[in-house]
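Line by line, the protein sequences are chains F and Y. Here the working numbering runs 740 ahead of the position in the first sequence, where the first position is 1. Here the working numbering runs 4 ahead of the position in the second sequence, where the first position is 1.
Just so you know, the hints here were simulated from the structure itself, not pulled from any lab data. The reader is advised that the hints may include incorrect statements.
As the list claims (entries may be wrong) - Per the computed footprint, the stretches of chain F lying under chain Y, defined by three or more beta-carbons under 8 Å from a beta-carbon of chain Y, are:
| id | stretch |
| --- | --- |
| 1 | 812-823 |
| 2 | 992-1002 |
As the list claims (entries may be wrong) - Below 27 Å or equal to it, Euclidean Cα-Cα: the simulated DSS-like pairs (lysine-lysine) are:
| id | chain 1 | residue 1 | chain 2 | residue 2 |
| --- | --- | --- | --- | --- |
| 3 | Y | K466 | F | K960 |
| 4 | F | K1166 | Y | K227 |
| 5 | F | K960 | Y | K25 |
| 6 | Y | K248 | F | K957 |
| 7 | Y | K132 | F | K957 |
| 8 | Y | K13 | F | K927 |
| 9 | F | K927 | Y | K421 |
| 10 | Y | K465 | Y | K122 |
| 11 | F | K830 | Y | K227 |
| 12 | Y | K410 | Y | K466 |
| 13 | Y | K248 | F | K753 |
| 14 | Y | K227 | F | K1186 |
| 15 | Y | K13 | Y | K132 |
| 16 | Y | K248 | F | K1174 |
| 17 | Y | K227 | F | K1060 |
| 18 | F | K957 | Y | K466 |
| 19 | Y | K465 | F | K957 |
| 20 | Y | K627 | F | K1252 |
| 21 | Y | K227 | F | K846 |
| 22 | F | K957 | Y | K122 |
| 23 | F | K1186 | Y | K410 |
| 24 | F | K1157 | F | K1174 |
| 25 | Y | K383 | F | K956 |
| 26 | Y | K25 | F | K956 |
| 27 | F | K956 | Y | K466 |
| 28 | Y | K410 | F | K1199 |
| 29 | F | K956 | Y | K132 |
| 30 | Y | K383 | Y | K463 |
| 31 | Y | K379 | Y | K421 |
| 32 | Y | K132 | F | K1157 |
Even for Gly, the Cβ is constructed at its ideal location relative to N, Cα and C.
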Amino acid sequence: MIRIIRHSLREYKTPAIITMVLVIFEGILECMIPFTIAQLITGVRAADMSLIQRYGIILIVLAVLSLLAGAGGGIASADAVTGLSRNLRKDMFERIQSFSFENIDKFSTPSIVTRLTTDVMNVQQSFMMIIRMVMRAPVIIIFATVMSFRISSEISMLFLGLIPFMAIILFAIVKIVMPIFRRAFHKYDDLNASVEENVEGIRVVKAYVHEDLEIKKFEKASGNLMADFTKAERILAWNAPILQFSIYAVITVALYIGAQTILESNGLKLNVGGISSIVVYGMQILMSLNILSMVFTMISMSMESAERIEEILDEEPRIKNPENPVYEVADGSVDFDDVYFAYGKNSADVLKDINLHIDEGETIGIVGGTGSSKTTLISLISRLYDVTAGRVLVGGRDVRNYDLDTLRGAVSVVLQKNVLFSGTIKENMRWGNKNATDEEIVEACKLAQADEFISTFPKGYDTYIEQGGTNVSGGQKQRLCIARALLKKPKVLILDDSTSAVDTYTDALIRKAFREYLPKTTKIIIAQRISSVEDCDRIIVMHNGRINGIGKHDELLKTNDIYREVYESQQRKAVE
Amino acid sequence: MNKTEKKPKSAMGWVFYEIFKAYPRLMPITIGCIILSAGITAIPSVFMERIFAVIENGLNAGSDWQQLAGDIVPYIMILGSLYVFSLIVASFYNQALAIMGQGSLMAMRNQMFASMQKLPIRYFDTHKHGDIMSYYTNDIDLLRQLIAQVIPNALMQGTIIICVFFIMIYYSVPMALIVVAGSVIMTIVGRKFGTSASRHFMRNQRYMGQMEGYIQEMMNGQKVVKVFCHEDETLAGFVDISDKFYLESRNGNRFANMLMPIVANMGNIIYVVVAFMGGWFLLTGFTNFSLGGAPFSIAIVVAFLQMTRQFSNNITQISSQLGFVVMAMAGADRIFDLVSEEPETDDGYVELVNATEKDGELTESNERTGVWAWKHPHKADGTITYKKLEGDVRFFDVDFGYTPEKIVLHDISLYAKPGQKVAFVGSTGAGKTTITNLINRFYDIQEGKIRYDGININKIKKSSLRRSLGMVLQDTNLFTGTIMDNIRYGNISATDGECIAAARMVGADQFIMQLPDKYNTFLTGNGAMLSQGQRQLLSIARAAVADPPVMIMDEATSSIDTRTEEIVQRGMDALMQGRTVFVIAHRLSTVRNSDVIMVLEHGRIIERGTHEQLLEQKGTYYKLYTGAFELD
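Whole structure, please, built from the sequences with the hints as guidance.
This is the structure we're talking about:
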């Protein structure tokens, strides 16, 4: 926690320090006020207007100062803590943007959302506690103890006895309660996750008439949760009476000893006002202890959040730009030299012994069953992952030597799980090229056979795409994604099962357009349908992470069993 | 929920009603304890003043401790016993609050969930799921704080204020007025800061929603962001929202943080004013006006100072919570809205029952017989007739729109005889899924009739109707639990053996047996560890174990690769055997062997017939089939 605060506070260090200074100042003032009040009361008792005036004015000055310090500290602390979370959010998001695919695979979307929102808020709250309370409470405890010793050491000894007693009890409560709370909050998360599941699957729930079952399930979990929370809160509920008990003890004993002292010393050692202020100091000390225990609770509760944030900030991007990178991709040739690849250190190789040379302008088809590592193979070309052994060359150079932006600008991948972003079609297209003119966009969409349906939209290219692209059909989405990739004017274009929802006729038109208008671009097409690859220059059959066969459609039909089998099963279906 | 139950009209009324309903005895006792405890808190200052007076008088008279101990000690004893009593009361109500707070919260949470389960599908289709979730995550939390902290505190502080106020006017009305006037100003200032803070916080909440949406969208598309080297733009977009959020939250926190020091120190200033006025009154020999009738004295002024402090401290506490109360009330309102949302109505009275058949006569049975019958009570003559469940579904001139202004289905007539397979083909938005939404009455039709085994489906109890229909949807939804649990979801009373048999029948057994814990493999996150095809197989097995006479398959194989599709298809074929089936499909290969294929366009059936008949017509279906046309 301290580490991330140190790391991300930056320009908000000043307000944080100002807060701490003002808070200490305010704490001192807070201790001086009861002292002044005691003097004021003495003035009132003596019906001495000049005393009242003097201490009245002092008190007003103190109050105004304390008000200013308090308000100033309030503003400064607000700036510091919200500033910290602003920086934290930015740092985390920036770090996430630098993640490679391998890093991204490690974190789920909901977990990142929680880290950036709830977890940051928790740390913010804790930080607020730290700068506002942690500084102030000890100051008050020390100052109030000193002040009360000045009034009466006998009574003050009583406080000294009470402080450790109270501290032990308060912190013991926190210690007992914390693990229960932690467990309960985890259960709470689970409960909310199950509600989410229920809401998402409400059609299934209703279709199987399981509303009552779901209610029963929820009530059981909810009751379980309540039991935990109640247990923790009941223990915590002893906090207030224990604190009250100590305060009451202070008052009663202070009164008794105080009265005795006053009368025995004839008002010399102590006066009535002194008793009042010593009671106030006692209360301040005990309250501060209580606040400290609360702060302690808050901080330890937010520890987990801090750890989750650290996990993101500490995650090292797997793929970084090389030193002295190459900024120019010579041509669209692609080579695989003895390439092996595994997703983790201890996992099995999913690509084995890949050797392949693809010429500039060639059209390559890749087929193979689920899990044959087709997607993995093409991911290596634009360095979405790094090879475990061997090397991948683009334009005759190892991909690890290129500047990443340059490489990915030259190698355009249309991902299998592709997404459009909320915004107009034009805005989505400009992802491919920020400076693309309207004409260039139309041109790319024509090649991807998307222009036709875009023109039927009332708003044409200014049609707004909803989040997740829900207002266009699957086939339309795929063609828009292809157009977006074309706008990069890539040297290598990779389509990863990107026309699966497009009908065969349009699919053929797209490939025809590629052939005619992008002759120099190397095209690599992964497909399920043989018809999508049969006219390729070469087709690669992948099986269990190895190249099982390479050749033209007719050759493969003769020589490759897997290829023939897939082809025949698809043919059979079409004939039936 | 009982329909006849009278429900309070406002959110706060509902909250109190719920607590009272759950704790009819504990709640009044606790309120009593809080008030009692608050009342006791106001008393000690009186005793302390008495003690001080004795000491002062003693000092003036030159008495020593021995002489006065007899006067002082009893006061201290009374004070001590008051404290002990107050401690007992406080311990009790603190425990009670912990129990009631959590208990009533659970009651409300449960009610919220139960109400939600009974809402029509329309509610879920028209509300963002993120918004529904925030009832459970944010609003209920606000409610918890309201119940467990804000309300008890306010009760306590309010009582103290009232008690102290009466003691004050007992001693001196003019002095009391000064304190009250000061407190009013404090409250106004406190309220201003409090509401300003909550205004910012509420706006902040909106930005939080936006921020979550943005993160979600970008994280889902993070790989695309990488492929297009769009990291900087994505970051800039995030920083933009995050900064808006920051500004609101900073300003909100500024107001919230300033509130306490400002109000509390205003309390100190009032204190000084009271001291001045007290001194001035004493010196000028001001005639006191009070309920107690006592003349103005030093003792009264000193006691007043104590009370001023108590009064203003509690005002400070209350006003610091005002902003929060506004927010919590808004949360309570939202939850109350959800709870009072109109539940799905069900006026059906025809029930599905087990039956035995003998010589064509159906008799109701309490056991599972495998034969189902519609139990149809006739209101007119009080008789009951039974009709065998066969799975005959007919639409007569059905019109439907999700909103009355926009009709999406026009004049739909169709019939599916028992055991027939009816397929729907058409573009996105043509109305295919809408038709299936009508069969199981997720939505009700505007015009026309739908008959199920000759019975108007509006007369059939929704639970019976839906039990007789199986659904396999495009988006599979699995639930957290074992594979076995998920299959059994189709029929809770199915044995393990029946679940496994269903899995075997649809071809899911093979992959399940390869999982580490087989049927006991625990699934989380909608079966994230399984492939799309495997999830789909499970949802088919789930439908198989339900064993309904009528099945609805909505794009069940659209997002599966061709190889997996073959396996899934086999599963579906096994499931469809002998049932009435409605199929919606994207790939025409799945619908080819249907008894009848309906081609839908803009909510109308434009072609109907068997595969061969439709090919002969050389219409839309023909174009689709030959690939000259695309389904969008």
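Evaluation of the provided hints:
1. Check result for the stretch 812-823 of chain F against chain Y: holds, 9 residues qualifying (beta carbon to beta carbon below 8 Å, three or more required).
2. Taking a C-beta to C-beta cut-off of 8 Å, the stretch 992-1002 of chain F contributes 6 residues in contact with chain Y, enough for the three needed, and the coverage statement holds.
3. Between Y:K466 and F:K960 the alpha-carbon distance is near 26 Å, which keeps this suggested pair within the 27 Å criterion.
4. Annotation: proposed proximity of F:K1166 to Y:K227 holds, straight-line Cα distance about 20 Å (limit 27 Å).
5. Restraint check: the Cα-Cα separation between F:K960 and Y:K25 comes to about 20 Å, which is no more than 27 Å; the hinted pair holds.
6. A threshold of 27 Å between alpha carbons decides the hint, and for Y:K248 with F:K957 the separation of about 40 Å lies outside it, so the pair is violated.
7. A distance of roughly 24 Å separates the Cα atoms of Y:K132 and F:K957; the hinted pair therefore holds under the 27 Å criterion.
8. Among the hinted pairs, Y:K13 with F:K927 is inconsistent with the structure: their alpha-carbon atoms are about 33 Å apart, more than 27 Å.
9. Using a Cα cut-off of 27 Å, the hinted pair F:K927 and Y:K421 is violated, with the two alpha carbons roughly 49 Å apart.
10. Our distance criterion of 27 Å between C-alpha atoms is met by Y:K465 and Y:K122, whose separation comes to about 14 Å.
11. Note on F:K830 and Y:K227: the hinted pairing holds, with a Cα-Cα distance of about 19 Å set against a maximum of 27 Å.
12. Pair hint Y:K410 plus Y:K466 holds up; C-alpha atoms about 25 Å apart against a cutoff of 27 Å.
13. Between Y:K248 and F:K753 the CA atoms are separated by roughly 21 Å; this keeps the pair inside 27 Å, and the hint holds.
14. Restraint check: the Cα-Cα separation between Y:K227 and F:K1186 comes to about 25 Å, which is no more than 27 Å; the hinted pair holds.
15. Simply put, Y:K13 and Y:K132 have alpha-carbon atoms about 25 Å apart, close enough for the 27 Å limit, and the pair holds.
16. Straight-line distance between C-alpha atoms of Y:K248 and F:K1174 comes to about 25 Å, which keeps the hinted pair within the 27 Å bound.
17. A threshold of 27 Å between alpha carbons decides the hint, and for Y:K227 with F:K1060 the separation of about 16 Å falls inside it, so the pair holds.
18. Between F:K957 and Y:K466, the direct Cα distance comes to roughly 21 Å. Compliance with the 27 Å bound is thereby established for this hinted pair.
19. Restraint check for Y:K465 and F:K957: the C-alpha separation of about 24 Å stays at or below 27 Å, so the hint holds.
20. Note on Y:K627 and F:K1252: the hinted pairing holds, with a Cα-Cα distance of about 21 Å set against a maximum of 27 Å.
21. Restraint check for Y:K227 and F:K846: the C-alpha separation of about 13 Å stays at or below 27 Å, so the hint holds.
22. Proposed proximity of F:K957 and Y:K122 is supported: the alpha carbons are some 15 Å apart, at most 27 Å.
23. For the hint pairing F:K1186 with Y:K410, the CA-to-CA distance comes to about 34 Å; that exceeds 27 Å, so the pair is violated.
24. With a CA separation close to 23 Å, the supplied pair F:K1157 and F:K1174 stays within the 27 Å bound.
25. For the given pair, Y:K383 sits about 34 Å from F:K956 by alpha-carbon distance, which is inconsistent with the 27 Å threshold.
26. Proximity of Y:K25 to F:K956 is assessed by CA-CA distance (about 20 Å); at most 27 Å being required, the pair is judged to hold.
27. This hinted pair checks out: F:K956 and Y:K466 have alpha carbons roughly 20 Å apart, not beyond 27 Å.
28. Simply put, Y:K410 and F:K1199 have alpha-carbon atoms about 21 Å apart, close enough for the 27 Å limit, and the pair holds.
29. For the hint linking F:K956 to Y:K132, the alpha-carbon distance of about 25 Å falls within 27 Å, and the restraint holds.
30. Proximity of Y:K383 to Y:K463 is assessed by CA-CA distance (about 12 Å); at most 27 Å being required, the pair is judged to hold.
31. Restraint check: the Cα-Cα separation between Y:K379 and Y:K421 comes to about 21 Å, which is no more than 27 Å; the hinted pair holds.
32. Of the supplied pair hints, the one linking Y:K132 and F:K1157 holds, its CA atoms being roughly 23 Å apart against a limit of 27 Å.
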